[in-house]
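Here is what each chain is made of, one letter per residue.
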Amino acid sequence: AQKITQTQPGMFVQEKEAVTLDCTYDTSDQSYGLFWYKQPSSGEMIFLIYQGSYDEQNATEGRYSLNFQKARKSANLVISASQLGDSAMYFCAMRSLAGGTSYGKLTFGQGTILTVHP
Amino acid sequence: NAGVTQTPKFRILKIGQSMTLQCTQDMNHNYMYWYRQDPGMGLKLIYYSVGAGITDKGEVPNGYNVSRSTTEDFPLRLELAAPSQTSVYFCASSAGDGNQPQHFGDGTRLSIL
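For the record, the sequence lines run as chains A and B. Sequential numbering of the first sequence, starting at 1, is according to the working numbering. Sequential numbering of the second sequence, starting at 1, is according to the working numbering.
Pulled out of the complex, with its shape left as it was, chain A reads as follows:
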C-alpha cells in the first residue's frame, strides 16, 4: 500500500520569498512517480511538477522545484519568489509505475494550505 504524508496543515510566506512544502511517502515499489498539484480557492486541480523515482536530477518547472531525497522518501516542493497568486492548497500525490494492477492510480496526501502575505 502507498501512503503520502503532508505534515504541514498550513504555511505562511512573505511575498517574493521562497517556501518549502513537505511531503513524505511510503511505498514498497521500486518504480514510482511523484506529483504536486495546486488547488486554488476556485477548486480546480492544477498539475505543477513531476518526479520519477529513477530520475537522477531534481525536477524543475519555472518557479517550482522538487527536492527529491529518495533514501529519506521525501519529495518536498520548493516555490521560489512567492506571489500572491500562489495562495492555495497544495497536494502531493504518488503513482506506482510498477505495472500490474496499479493502472496509474494516484494516492494523495491531505494537503497544505499556503498563504502568501504581501
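Hints in this document: simulated from the structure, not taken from any laboratory. Do not rely on the hints blindly, as some may be mistaken.
Stated by the list, open to error - A few chain B residues that don't get close to chain A, going by computed Cβ distances all over 12 Å:
#, residue
1, L43
2, T71
3, E79
4, Q85
5, S111
Claimed, not checked - Each computed SDA-like pair below joins lysine to any residue, with the alpha-carbon atoms no more than 25 Å apart:
#, chain 1, residue 1, chain 2, residue 2
6, B, K44, A, S53
7, B, K44, A, M11
8, B, K9, A, G43
9, B, K9, A, S87
10, A, K3, B, N62
11, B, K44, A, Q2
12, B, K57, A, Y25
13, A, K73, B, K9
14, B, K44, A, Q30
15, A, K70, B, Q100
16, B, K9, A, M89
17, A, K3, B, H103
18, A, K3, B, D56
19, A, K3, B, E59
20, A, K73, B, Q85
21, A, K3, B, K9
22, A, K3, B, K57
23, B, K44, A, Y25
24, A, K73, B, N99
25, A, K70, B, N99
26, B, K57, A, S87
27, B, K57, A, S31
28, B, K9, A, E44
29, A, K3, B, P61
What the hints assert, rightly or not - Far from chain A, some chain B residues (derived; all Cβ distances over 12 Å):
#, residue
30, L13
31, K14
32, G16
33, N62
34, Y64
35, P75
36, R77
37, L78
38, A82
39, P83
Ideal Cβ positions, reconstructed from N, Cα and C, are used throughout, including at glycine.
Start from chain A and add chain B according to the hints.
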C-alpha cells in the same frame, strides 16, 4: 480545447434520491478516474477505467457505480444518496499510467440533505 468537462457544477439531493454525474474528455485519453474530496482532505479514488468497457473499484466505491461505453465519457452513478456522500467530486483523465499527469475537471459540489 475543453479538456475534462463535468456536469453539473452544483447539485442538492434528498436522501434516497439517485443521480448521475457526467464526465467527458476530448483528449482521447484511455485512463479515466473519479475522486471525491471531503472538506479539508485530499482526494480519494472511487472508480477508474483503463479503456472503454473496462472499469474497476478504487478506495471508496461503496454507494457508486460507473460505466465506460466510450473513450470520451465516464459517468458516475449515485444510487440511494446518503449524507455521507456529500462531497466534491472530481473526474480526471490521463494519457497513460506512467509519468503523464492526470487532468482534472472543475468538480461537482454535491450536497445530500
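Comparing the hints with the structure gives:
A beta-carbon of chain A comes within 12 Å of the beta-carbon of B/L43; the shortest separation is about 5 Å. Every CB of chain A is more than 12 Å from the CB of B/T71 (nearest about 15 Å), matching its label as outside the interface. Every Cβ of chain A is farther than 12 Å from the Cβ of B/E79; the closest lies at roughly 23 Å, confirming the non-interface assignment. Remark: the non-interface label on B/Q85 is consistent with the geometry, its nearest Cβ contact in chain A lying 18 Å away (cut-off 12 Å).
Every CB of chain A is more than 12 Å from the CB of B/S111 (nearest about 15 Å), matching its label as outside the interface. Simply put, B/K44 and A/S53 have alpha-carbon atoms about 23 Å apart, close enough for the 25 Å limit, and the pair holds. With a C-alpha separation of about 23 Å, the suggested pairing of B/K44 with A/M11 holds against the 25 Å cut-off. About 11 Å separates the Cα atoms of B/K9 and A/G43, which keeps this hinted pair within 25 Å; it holds.
Between the alpha carbons of B/K9 and A/S87 the distance comes to roughly 23 Å, so the proposed pair stays at or under 25 Å and holds. This hinted pair checks out: A/K3 and B/N62 have alpha carbons roughly 21 Å apart, not beyond 25 Å. A threshold of 25 Å between alpha carbons decides the hint, and for B/K44 with A/Q2 the separation of about 13 Å falls inside it, so the pair holds. About 23 Å separates the Cα atoms of B/K57 and A/Y25, which keeps this hinted pair within 25 Å; it holds.
At most 25 Å may separate the alpha-carbon atoms for a hinted pair to count; A/K73 and B/K9 exceed this at roughly 37 Å. Between B/K44 and A/Q30 the CA atoms are separated by roughly 23 Å; this keeps the pair inside 25 Å, and the hint holds. In summary, the hint linking A/K70 to B/Q100 is supported, as the alpha carbons are separated by about 20 Å, within the 25 Å threshold. Restraint check for B/K9 and A/M89: the C-alpha separation of about 20 Å stays at or below 25 Å, so the hint holds.
A threshold of 25 Å between alpha carbons decides the hint, and for A/K3 with B/H103 the separation of about 21 Å falls inside it, so the pair holds. Between A/K3 and B/D56, the direct Cα distance comes to roughly 20 Å. Compliance with the 25 Å bound is thereby established for this hinted pair. With a C-alpha separation of about 13 Å, the suggested pairing of A/K3 with B/E59 holds against the 25 Å cut-off. This hinted pair does not check out: A/K73 and B/Q85 have alpha carbons roughly 33 Å apart, beyond 25 Å.
Proximity of A/K3 to B/K9 is assessed by CA-CA distance (about 30 Å); at most 25 Å being required, the pair is judged violated. Taking the CA atoms of A/K3 and B/K57, the gap is near 18 Å; set against the 25 Å cutoff, the hint holds. At most 25 Å may separate the alpha-carbon atoms for a hinted pair to count; B/K44 and A/Y25 meet this at roughly 16 Å. With a CA separation close to 18 Å, the supplied pair A/K73 and B/N99 stays within the 25 Å bound.
At roughly 17 Å between alpha-carbon atoms, A/K70 and B/N99 fall within 25 Å of each other, so this suggested pair holds. About 34 Å separates the Cα atoms of B/K57 and A/S87, which puts this hinted pair outside 25 Å; it is violated. Restraint check for B/K57 and A/S31: satisfied, since their Cα atoms lie roughly 23 Å apart, inside the 25 Å limit. Distance restraint check for B/K9 and A/E44: the Cα-Cα separation of roughly 12 Å lies within the 25 Å cut-off, and the hinted pair is therefore satisfied.
For the hint pairing A/K3 with B/P61, the CA-to-CA distance comes to about 19 Å; that is within 25 Å, so the pair holds. Residue-level check passed: B/L13 sits 19 Å from the nearest beta carbon of chain A, beyond 12 Å. Once the 12 Å rule is applied to beta carbons, B/K14 is consistent with being away from chain A; the minimum gap is 24 Å. Every beta carbon of chain A lies more than 12 Å from that of B/G16, the smallest distance being close to 27 Å; the non-interface claim holds.
For B/N62, the non-interface assignment is confirmed: its Cβ lies about 17 Å from the closest Cβ of chain A, beyond the 12 Å cut-off. In this structure B/Y64 is separated from chain A by more than 12 Å, as the shortest Cβ-Cβ distance comes to about 16 Å. The claim that B/P75 is not at the interface with chain A holds, since no C-beta of that chain comes within 12 Å of its own (minimum 19 Å). Every C-beta of chain A lies more than 12 Å from that of B/R77, the closest at about 20 Å, which supports listing it as non-interface.
Under the 12 Å C-beta cut-off, the non-interface status given to B/L78 relative to chain A holds; the minimum distance is some 20 Å. Even its closest Cβ contact with chain A, about 23 Å, leaves B/A82 beyond 12 Å, as expected for a residue assigned away from the interface. For B/P83, the non-interface assignment is confirmed: its Cβ lies about 21 Å from the closest Cβ of chain A, beyond the 12 Å cut-off.
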